[in-house]
Amino acid sequence: MKFTLSWLKDHLDTDASLEAIVDKLTMIGLEVEEVEDKGKLLAPFVVAHVVSAVQHPNADRLRVCMVDTGTGAPVQVVCGAPNARTGLKGVFAPAGTFIPGKKITLSVGTIRGVESHGMLCSGDELGISDDHDGIIELPADAPVGAPYAAWAKLDDPVIDINLTPNRSDCTGVSGIARDLAAADVGTLLSKPIHPVKGAFPCPVSVTLDFGDTPSLCPAFGLRLVRGVKNGPSPEWMQRRLLAIGLRPINALVDITNFLTFDRARPLHVFDAAKVHGNLTVRRGRAGEELLALDGKTYALDESMCVIADETGVESLAGIMGGEASGCDEGTTDVLIESALWDEIAIARTGRRLGITSDARYRFERGVDPAFMLPGLDLATHLVMELCGGTPSDLVVAGTPPIPDKVIDFPLDALPRLAGLDVGLAETKRVLTRLGFFVAGQAKQLKVAVPSWRPDVDGVADLVEEVVRIVGVDRVPLTPFEREDRGRKPVLTPIQSRTRRAKRALAARGLTEAVTWSFISKKEAELFGGGQPELALANPIAAELSDMRPSLLPGLIASAQRNADRGFPDVALFEVGQIFRGDRPEDQFIAAAGLRRGLARPNGIGRQWRTGAQPADAFDIEGDALAVLAAAGAPVQSVQIQPGGPAWLHPGRSGTLQMGPKLVFGHFGELHPRLLEALDVAGPLVAFELILDRIPEPKARTTRAKPPLDLAAFQPVSRDFAFIVDHAVKAADIVRAAQSVDRKLIAGVTVFDVYEGKGIDPGKKSIAVAVMLQPREKTLTDEEIEAVAGKIVGEVGKRTGGVLRA
Amino acid sequence: MSEISELEARLLADVAASADEPALEAVRVAALGKKGAVSALLATLGKMSPEERKAQGPLINGLKDRLGEALVARRQALRDVALDQRLATETVDVTLPLPDSALDRGRIHPISQVVDELTAIFADMGFEVAEGPDIETDDYNFTKLNFPEGHPARDMHDTFFFPPKPDGSRRLLRTHTSPVQVRTMLSKAPPIRVICPGRTYRCDSDQTHTPMFHQVEGLVIDKGSHLGHLKWILAEFCKAFFEVDQVKMRFRPSFFPFTEPSLEVDIQCRRDKGEIRFGEGEDWLEILGCGMVHPNVLRNCGIDPDVYQGFAWGMGIDRIAMLKYGMPDLRAFFEADVRWLDHYGFRPLDFPTLAGGLSG
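Listed in order, the protein sequences are those of chains A and B. Residues 1 to 805 in my numbering are what the first sequence lists, from first letter to last. Residues 806 to 1165 in my numbering are what the second sequence lists, from first letter to last.
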């Protein structure tokens, strides 16, 4: 919402400075976004007289001008404008001036051998118009040396308010003035509007015809003014419209635009000669079209409200008029419309047709129903004043719904909700100045809400009105006590897991990425996603169209981008949400990690100690297990099954689970076909786990750890090397050995795996160390031998392994 | 010179002349071995008369003791030399670079770090952490929060939608974390003190807007909490978060459908060459929106506004992270550029605590 300072002063009698007004506006909730003060910006630009303009000696299109700037001797200026000529009065900027339209600062220059000490400016260069065909030409009586902005009355500061959608009353300058007056920045000036006395009956009737559908037009007022002379509106009106960025059209149209901003009262004018018969306000019909005043044709339908004459639609109600019945210089009889429209229908129509107009902006927020007819009278007076003519009687269809809202307002609501007690007198004063009617002297007030404040509904709204006008600064800081709240952890188990998983992965040298929750459909499909209910209806880009079923596509793409930038060895992770459906229970927290190239746990890139070893499935398995441990999974019970989903290399991947029904996730080398489909270079190893699936540990009643059980006897370790088929899994050997005596065998670890010379092809040697932990007495050699024999037997039975000779 | 002292002189000379341990051992054997010269002398003692033994015993034993000491000393000297010689060959080039340790390489994203900071601050004030789904219903994201159907405030949210279902309803990506407040109020009786951090979405993209961003909201519902408490909490938060002694704040009335009164909060700062410092300066910087929870919202969530009241606030996590840590561009947060993450990220052990300092 834009307006100028002088415009505001039409409605507000104040001595306050621009700065004070701007500060106050912001502090009462009308946030000033920008103040454009052309008087300040254009201060160096002065009215000047071109004493002489002669052809530049070295350039066809340039002229050398001697310019009288009102101070001292004439200044030499080289000018390329076609209209630069002797005797012209124009606008001069000396060297050192900032040129707003060009965003440069002038300096003394030499142009084709001739010095130039300033510039004669175009409207474009001053940033006041689009005119760049030539320099500004001023009338002969313009005073040389006078500041141009002040002389041209461009020095009226323009204030732009970032208006919140609830304040429909402040879409007009008068409403803003009312707020300022309530906040003691002056006195509200309100001149009474006298009803217009019609000289004859209005020849055009209006019918509201919505059949049996809900009405989209509560009320519609119309008046004819006959015998007007339409032409340019007066300079003061044009200046204001230009200042806020509107283009003056002609007096009749400018009056409607002026009142839209002056009084938050949008109006429309029809050229009566172009309206055929009577007007009907109704829903649009499928197939109907309207060529609107913006020159575009819009297709209409039943959800939209239109104003039609006997030949068809003439106006898109409350949004934009039609070209065919618009007013121009030839208009002699004008129909002035002032109406009320259904706010939701206006918003919907505007959105659907993509029209943002000043009328829509106001009608969708709600305009003052009580001002419909006074607004029409005010417009009629302005038409008669500026264009002459004789007004008809008023035609009104429907009845403006004037609200009769009274709120019971207990005075203690202020301290209760706002922590601020301003007392009865001040509360009454603020509300009354805002236009509320306040009754009651005691602690219980009755407050009637003015018709222009549809946003005020209850006690909380009144509290806001008082607090914002007296100033939120007056609310004292009040310490907020913890009271007797416990000191329990505030994080839920999944929240704790999430943060522990992040720290665990970072501690293994991975870098946390945060990638988009949406990915391309192709990426989603490759990871089991891409369902229609997870595809955005309005994605911001084609490659950000589907909710991610996995964190890996984002990480894979990120790794490739880093590689493309020259960083091929990266280790990335993300812990975040993945989507398997559109219900809350289909959203999970996953942890995923990825290692590319030489990004290994013990160092990135080629290492002088270990050489250039790419990260492998075991590196990433370590990352996955670290997450499980950090997240509190019972790691001893986690099973590792070979293989995984289709996106993993079938022979270099594994699944982490506790039984087939509780799969935590997968790890391994990414499938070459997946990499090809995603057009990324590998090899890449990755893992993904779903943290929600990890069972929660049993709640314990004590924080004390179970007693430490130390054996009194020395443990004994024995090594065994078994020759087995290549396909035999190490875990099966370990499990076979362990099963021999679960009490005695405290641990079985694999310490060597060997294939090659000395071992038959298709076989491998796996060496394990078995730790025996006696509990009752030291073992004898015979007892150790007996256990060893059983281990060899059990491993042989289960895996076909034989002791290596 | 007697025979014994001659022998001693010879043997000590042999010890001193031994160049290595085997040579020294040969000297020892020649003197003290079974057939050694000193052993032979000792053997003579048994055959002597007591008088002779009294005279010769100390001489011979003295020889043996002194020789023994000389052998030990020489052996130690030879060992020291040998060790020094070995050590002289055993050098490593300690200037060879080691890879950075994993703890030095790993990084926590600034968003995660800031969420941990927020959690530490608000946990201390008795707040719990609540979360909810990213895919929401229109009801929870808008209607229950007092956005009237068709209201322009809905337009301001640039919502991402999913396709309509057969019944005409459509899910959307939450445009703020406020639906988590709704879920909290629907599932929990007052008193309520929660913060709700999470991902939010709006179809908007430029230097300061990304289609996905992060918000944290706070909610307090009880029988007496008012704007004064809200101001105090936010002031305490700003001091703790920005790690300064004082923050000057400005509360401006504003509008949100779900709060009444509604306020926006600016903090005073000084901008200097791309750096922002808080607690000084003349500029105002908007950091959050807040207000008293609208009675309609309480009612929509099954809470009686005549009995309970409270307040809520919301701010951009990415934004306050940028302000605190000086990141210039929001878009970089989601580009996973390892150079950016390495520079602006945090080390795994930089765990924010109130005791140790939020940013260490």
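Because the hints were derived from the structure by calculation, they are not lab data. Treat the hints with care, since some could be wrong.
No more than 27 angstroms apart at the CA atoms, straight line, and that leaves these computed lysine-lysine pairs for DSS-like [claimed, not checked]:
id, chain 1, residue 1, chain 2, residue 2
1, A, K153, A, K102
2, A, K89, A, K102
3, A, K102, A, K9
4, A, K488, B, K859
5, A, K763, A, K777
6, B, K1044, A, K102
7, A, K488, B, K1044
8, A, K24, B, K1028
9, A, K698, A, K661
10, A, K488, B, K869
11, A, K428, A, K2
12, A, K777, A, K757
13, A, K443, A, K405
14, A, K777, A, K729
15, B, K1053, A, K521
16, A, K790, A, K777
17, A, K698, B, K993
18, A, K522, B, K970
19, B, K859, B, K839
20, A, K446, A, K428
21, A, K2, A, K40
22, A, K103, B, K1078
23, A, K443, B, K1028
24, A, K729, A, K698
25, B, K1028, A, K446
Partner residues aside, some chain A positions facing chain B, computed with beta carbon under 10 angstroms [claimed, not checked]:
id, residue
26, P165
27, N166
28, L417
29, V459
30, E512
31, A513
32, K521
33, L555
34, R561
35, F579
36, D586
37, E782
Just some of the chain B residues that point at chain A, by a computed CB distance under 8 angstroms [what the hints assert, rightly or not]:
id, residue
38, L876
39, V877
40, H914
Glycine included, C-beta positions come from ideal geometry on N, C-alpha and C.
Hint by hint, here is what the structure shows:
{"no.": "1", "hint": "A:K153 - A:K102", "result": "holds, 22 angstroms"}
{"no.": "2", "hint": "A:K89 - A:K102", "result": "holds, 22 angstroms"}
{"no.": "3", "hint": "A:K102 - A:K9", "result": "violated, 32 angstroms"}
{"no.": "4", "hint": "A:K488 - B:K859", "result": "violated, 89 angstroms"}
{"no.": "5", "hint": "A:K763 - A:K777", "result": "violated, 39 angstroms"}
{"no.": "6", "hint": "B:K1044 - A:K102", "result": "violated, 43 angstroms"}
{"no.": "7", "hint": "A:K488 - B:K1044", "result": "holds, 24 angstroms"}
{"no.": "8", "hint": "A:K24 - B:K1028", "result": "violated, 33 angstroms"}
{"no.": "9", "hint": "A:K698 - A:K661", "result": "holds, 20 angstroms"}
{"no.": "10", "hint": "A:K488 - B:K869", "result": "violated, 79 angstroms"}
{"no.": "11", "hint": "A:K428 - A:K2", "result": "violated, 30 angstroms"}
{"no.": "12", "hint": "A:K777 - A:K757", "result": "violated, 43 angstroms"}
{"no.": "13", "hint": "A:K443 - A:K405", "result": "holds, 20 angstroms"}
{"no.": "14", "hint": "A:K777 - A:K729", "result": "violated, 34 angstroms"}
{"no.": "15", "hint": "B:K1053 - A:K521", "result": "violated, 48 angstroms"}
{"no.": "16", "hint": "A:K790 - A:K777", "result": "holds, 20 angstroms"}
{"no.": "17", "hint": "A:K698 - B:K993", "result": "holds, 24 angstroms"}
{"no.": "18", "hint": "A:K522 - B:K970", "result": "holds, 23 angstroms"}
{"no.": "19", "hint": "B:K859 - B:K839", "result": "holds, 24 angstroms"}
{"no.": "20", "hint": "A:K446 - A:K428", "result": "holds, 11 angstroms"}
{"no.": "21", "hint": "A:K2 - A:K40", "result": "holds, 18 angstroms"}
{"no.": "22", "hint": "A:K103 - B:K1078", "result": "holds, 21 angstroms"}
{"no.": "23", "hint": "A:K443 - B:K1028", "result": "holds, 20 angstroms"}
{"no.": "24", "hint": "A:K729 - A:K698", "result": "violated, 33 angstroms"}
{"no.": "25", "hint": "B:K1028 - A:K446", "result": "holds, 24 angstroms"}
{"no.": "26", "hint": "P165", "result": "holds, 4 angstroms"}
{"no.": "27", "hint": "N166", "result": "holds, 5 angstroms"}
{"no.": "28", "hint": "L417", "result": "holds, 5 angstroms"}
{"no.": "29", "hint": "V459", "result": "holds, 8 angstroms"}
{"no.": "30", "hint": "E512", "result": "holds, 4 angstroms"}
{"no.": "31", "hint": "A513", "result": "holds, 4 angstroms"}
{"no.": "32", "hint": "K521", "result": "violated, 13 angstroms"}
{"no.": "33", "hint": "L555", "result": "holds, 8 angstroms"}
{"no.": "34", "hint": "R561", "result": "holds, 7 angstroms"}
{"no.": "35", "hint": "F579", "result": "holds, 7 angstroms"}
{"no.": "36", "hint": "D586", "result": "holds, 8 angstroms"}
{"no.": "37", "hint": "E782", "result": "violated, 43 angstroms"}
{"no.": "38", "hint": "L876", "result": "violated, 39 angstroms"}
{"no.": "39", "hint": "V877", "result": "violated, 37 angstroms"}
{"no.": "40", "hint": "H914", "result": "holds, 4 angstroms"}
The structure shown violates the earlier hints numbered 3, 4, 5, 6, 8, 10, 11, 12, 14, 15, 24, 32, 37, 38 and 39.
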